[in-house]
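Spelled out from the first residue to the last, the chains are:
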Amino acid sequence: MIRKSGYLLLAILSYGIFESILLGYPYYIALAVILFFVVSSDIILFNRGPALDLYNVDTERIIPGKSSRKFQAVDIEIVFRNKGKKRVYFHYFDTLSDVFKSSGEYEGFLSLEPGDEVKKHYSIESIAIGKYKIGPVKVYTQDPMKLCLVEYTIPRIDEVSVAPAIADIHTQRSERLSNFVFYMGVHYSRKVGQGYDFYGVRQYTESDDFRYVAWNRYGAINGEDLYIKQMEEEKPIDVIFAMDYSWNVNQGTAEKRMYDRIVNVVINASYAILKNHDGVGFMVDSSVHDHFIAPTKSEESVKNLEKLVSEIRPDGTFNILPLMEKIKKRIKKNALIFLISPFSYPESFNGGNPKDYKIGKRVFIFLVDPRGFTESKEDPVYEKLLTSASLVERGYLNNVAKFFQSIGLKSSVARENDLLMRLMSEYRYGKMTNEGY
Amino acid sequence: MDQSAKRIPVNLLIISPAILLIFYIVPKIDTSLYLSMLAVIIAIPFIKHLTPRKISRFVYPVAAITGSLVVLNTALTATGIISPIFLLGRLKIPLTITTAITFFFGLGIIFAVEGIFAKRIHGSITYLFLSLGTFLDQLAIAHTMASTGVSYFAAASSVYLREALAMYTLILNGYQLALPLADTHFNIDPFLLVTFSFVVVGFIASFLIEKDEDRSTRANSLPYPIITGALIGVAVFIGVDVLSRYGLQIFGVSVAILIMIIAVRKSSKSADNLAKKKMRETEAQLKKGGVI
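Top to bottom, those sequences are chains A and B. Each residue of the first sequence is one higher than the last, beginning at 1 in this note's numbering. Each residue of the second sequence is one higher than the last, beginning at 1 in this note's numbering.
Honestly, the hints are just simulated from the structure, not real lab data. A few of these clues could be false.
Unchecked claim - Which chain B residues stay away from chain A? Per the calculated CB distances, all over 10 Å, these:
# : residue
1 : Ile22
2 : Tyr60
3 : Ser68
4 : Leu69
5 : Met167
6 : Gly229
7 : Lys278
Claimed, not checked - Partial list, computed: chain B residues near chain A (C-beta under 8 Å):
#  : residue
8  : Asp30
9  : Thr126
10 : Leu161
11 : Leu179
12 : Leu181
13 : Val194
14 : Phe203
15 : Phe207
16 : Ala230
17 : Ile232
18 : Gly233
19 : Ile250
20 : Phe251
21 : Ser267
22 : Met279
23 : Gln285
Predicted, not measured: the structure shown is a model, and the values here were computed from it. Quick reminder that beta carbons are idealized off the backbone N, C-alpha and C, glycines included.
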């Protein structure tokens, strides 16, 4: 393909020829004619030679491990071969998603003799979770005068799954963060009443079962007083994290993406809950994704979530009502439902009939404020506009939260920094008020 | 050294014929020029390139507006439409043929200076042709003045008339009757030939001054189009020379250019078609793989 500069140069040189002929100065005519034909020959020779030879380039990409974690380097080897019978020279670059920080020879220039094979090495490091494509490989070449360009996209595609980083899941390791932070030293997993474990004693009332009278405390204060033993029973509860995984959460900057942050927070909360001997399960939902990981009291469900989010990326739309319906159908036991979404698009929240939201489960809705996922700049005008837009968004989220509260669903607006604390706070509240039905 | 500074030596080579002609012609026609006015005109491109970028883009418009206002003021004052009050009375230039000659000569020098500072090869080549057009005209005028002893105005009229006649006969009859520089020989001819070879050297060097990864590869491939182009160019030039005896040189060159442009277009089209075919195949494979 001739570049605009090529056409421009040909036009200028044609003008030069005609000007020189009108003046009739022979040396000038010779100069203009020679320059014109040199440029024309360059274009023709390129189009008949290197431009066609470029398609003889073949590539192969070798990735030893196609699963990795965030911030973990993945080494890639890319092999270029010249299948043709002529020397071929070209620039190349491997197309990479903007989530990858790359280093090494992912782009460059190569000159290959017939049958030559060259290996190039580079490494990538993902800054977000999900499954990402690597490739295609693009090669292009240009003529000696840079007036033409030919580009060839070699359809060589690979995929890399990226799971959350170990560094992000700090609650998995008890030495890093004590559960004391979240539970304030109180273990709320038991229900006072009938059970097998001794809880304490209190004064006897007429309605108490006589079998539990603490005879060894009889008359301890005034000689006639009677006490009864209180027993307690284990009262575990499952926590289901229902996550919006639609385009709603696919927002943020190159360094900080909302879905990535939500998944990290959920995984951290899950490990903390597991340490409290409760079960965790997950629902990852959108019009494209419908994944349910049944609650377990082991790390298995969290590992399954890590695996799941490394294989998918936010896609489709989100609507809360179909999700509520799914929760109603799938969650049969007593459970706390933590629904997390930024409700960024109108279709995510259509109001609807309050009865549609009654699913017989304790649902806590966390509306994620996108303010923390915007790019900050030193430009004061930009910052003012951003603050103004954020206030409007915040007002919208507060109104959505008010609606949910009006129909009996506990809801709050959370920012990226306080989402974990809010989740754990509601978990603690949910445990304290757990009736165990 | 930044890229634009690197270009200046190359551009100097490309513009060298115009520079040589300036130094050759000015002493011959200096009596027909207002040298102070010429100095002011020449200063404009230098002011443009020495001022910061924010201001530099206003230099030519401001110069054009100022010049127009001065001419207008002179005309209105001379016709008595406005009274010559203190400052306006002083801001005037002589509205003579010499002013016009100075202006057009200055314009040629502006083209040459802009060519030296041009950032791209098309820019410097365009300015070369524009300035060469002006200065070769002046060369013909100076030659006519010297050979016939007429005034600058009479010589200029003769040269421009011959050019106009050449255009007229070309359009009306299909061939040229009179060419101002066709059969004239100048003392400067050997030096101009050398500077024209500098143009070719500068033209080729301009493609290699950028420090790219592929510079050496491109440099190795460059001789092929140069040799091919030069051979074709020399053949065409000889053909034009033969056809000039019959006044058909424009026709001959037009045919040669047309054939070359058709060849360029055809080769480009076949390369484009292959690229499109490969692109379709790639898209089909990417669609199959669920990438797009």
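The hints, checked one at a time:
1. Ile22: holds, 16 Å
2. Tyr60: holds, 21 Å
3. Ser68: holds, 28 Å
4. Leu69: Since the minimum Cβ distance to chain A is about 32 Å, Leu69(B) lies beyond 10 Å and the statement holds.
5. Met167: At roughly 7 Å from the nearest Cβ of chain A, Met167(B) sits no farther out than 10 Å, so the non-interface label is violated.
6. Gly229: violated, 3 Å
7. Lys278: violated, 6 Å
8. Asp30: violated, 23 Å
9. Thr126: holds, 5 Å
10. Leu161: At about 13 Å, which exceeds the 8 Å cut-off, the nearest Cβ of chain A leaves the hint on Leu161(B) violated.
11. Leu179: Leu179(B) check passes; min Cβ-Cβ to chain A is 3 Å, inside 8 Å.
12. Leu181: holds, 4 Å
13. Val194: For Val194(B), the interface hint is violated, since the closest Cβ of chain A sits about 10 Å away, which is over 8 Å.
14. Phe203: Holds, because the Cβ-Cβ distance from Phe203(B) to chain A comes to roughly 6 Å (cut-off 8 Å).
15. Phe207: Holds. Min distance 5 Å.
16. Ala230: Status holds, d = 6 Å.
17. Ile232: Status holds, d = 4 Å.
18. Gly233: holds, 4 Å
19. Ile250: holds, 6 Å
20. Phe251: violated, 10 Å
21. Ser267: holds, 4 Å
22. Met279: holds, 7 Å
23. Gln285: With Cβ-Cβ at 4 Å, under 8 Å, it holds.
Checked against the numbered hints above, the structure breaks hints 5, 6, 7, 8, 10, 13, 20 and satisfies the rest.
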